[in-house]
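Undergrad: Sequence:
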Amino acid sequence: MADKKKVAAKIISLLEKKHPDVSLVLNFSSPLELLVATILAAQCTDKRVNDVSRTLFKKYKKAEDYKRAKINVLEKDVSSISFFRNKAGNIKNCCKVIVEKYNGNVPSDIDELTSLPGIGRKTANIVLGNAFGQPAIAVDTHVQRVSTRLGLATSKNPDNIEKELCEVVPREKWTKICHLFQAHGRVTCTAKNPSCPICVVYDLCEWKDKIRK
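The sequence shown begins at 0 in numbering that gives the first Met the number 0 and counts up one residue at a time.
Among the clues, some could well be false.
Taking lysine-lysine and the DSS-like style, the derived pairs with C-alpha atoms no more than 27 Å apart in a straight line are [as the list claims (entries may be wrong)]:
1) K57 with K16
2) K17 with K46
3) K209 with K4
4) K91 with K75
5) K209 with K16
6) K172 with K17
7) K175 with K9
8) K57 with K75
Simulated from the structure, these hints should not be mistaken for laboratory data.
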């Protein structure tokens with residue numbers, strides 16, 4: 000475990016030099032906006048979500064606004080997003096609970112967040128880490144792929160990967176490592192045809208199928 004912690008620290012250091020200005024791609028200015036954006040982002044590009052949220056956030060400013068919205072109108076407002084009907088329903092149902100149980104404020108507790116309709120650990124951790132500044136590891140496809148290829152995680156289950164990463168990554172880097180792995184996964188460690196020969200963490204990577212230099 001101690002060795003894996005050292006490897007994790009080296010990986011973080013190298014990726015921070017490679018991506019010094021990395022941050023969350025989704026645009027938001029409040030916990031509610033990030034919650035909504037993250038719901039919309041499932042199986043959809045962040046760019047598309049940002050395009051839609053630019054208008055959406057001007058129309059819906061409070062949880063009460065989403066709660067009161069007619070579902071067919073909200074669906075139309077997010078219709079360019081994949082699975083927009085399900086996502087519109089989740090947003091409306093979430094905001095109903097937020098208004099009625101939390102006085103219109105998005106909760107800042109992992110258990111309370113995951114109790115909201117349609118909210119899993121990934122979405123909850125994105126909100127906690129980026130809107131509330133609480134250390135949190137959100138395991139998306141990039142984080143899962145990069146962490147397992149590097150050997151920092153062995154599970155295929157996102158919840159277990161989160162636990163494995165929490166054990167080897169310094170707590171103050173939990174949110175940051177998600178951004179780093181997402182950037183690395185988009186640019187270098189892609190799902191298909193990864194750019195292994197130019198990877199800055201090549202020598203630390205344990206992936207058996209990595210392309211040899």
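Undergrad: Run every hint past the structure and note whether it holds.
TA: These are the hints, each one checked on the structure:
1. K57 with K16: violated, 36 Å
2. K17 with K46: holds, 22 Å
3. K209 with K4: holds, 22 Å
4. K91 with K75: holds, 13 Å
5. K209 with K16: The given pair, whose Cα atoms are some 22 Å apart, holds under the 27 Å limit.
6. K172 with K17: Cα-Cα ~16 Å, so holds.
7. K175 with K9: Given that 27 Å is the threshold and the Cα spacing comes to 14 Å, the pair holds.
8. K57 with K75: Since the Cα atoms of K57 and K75 sit roughly 15 Å apart, the hinted pair holds (cutoff 27 Å).
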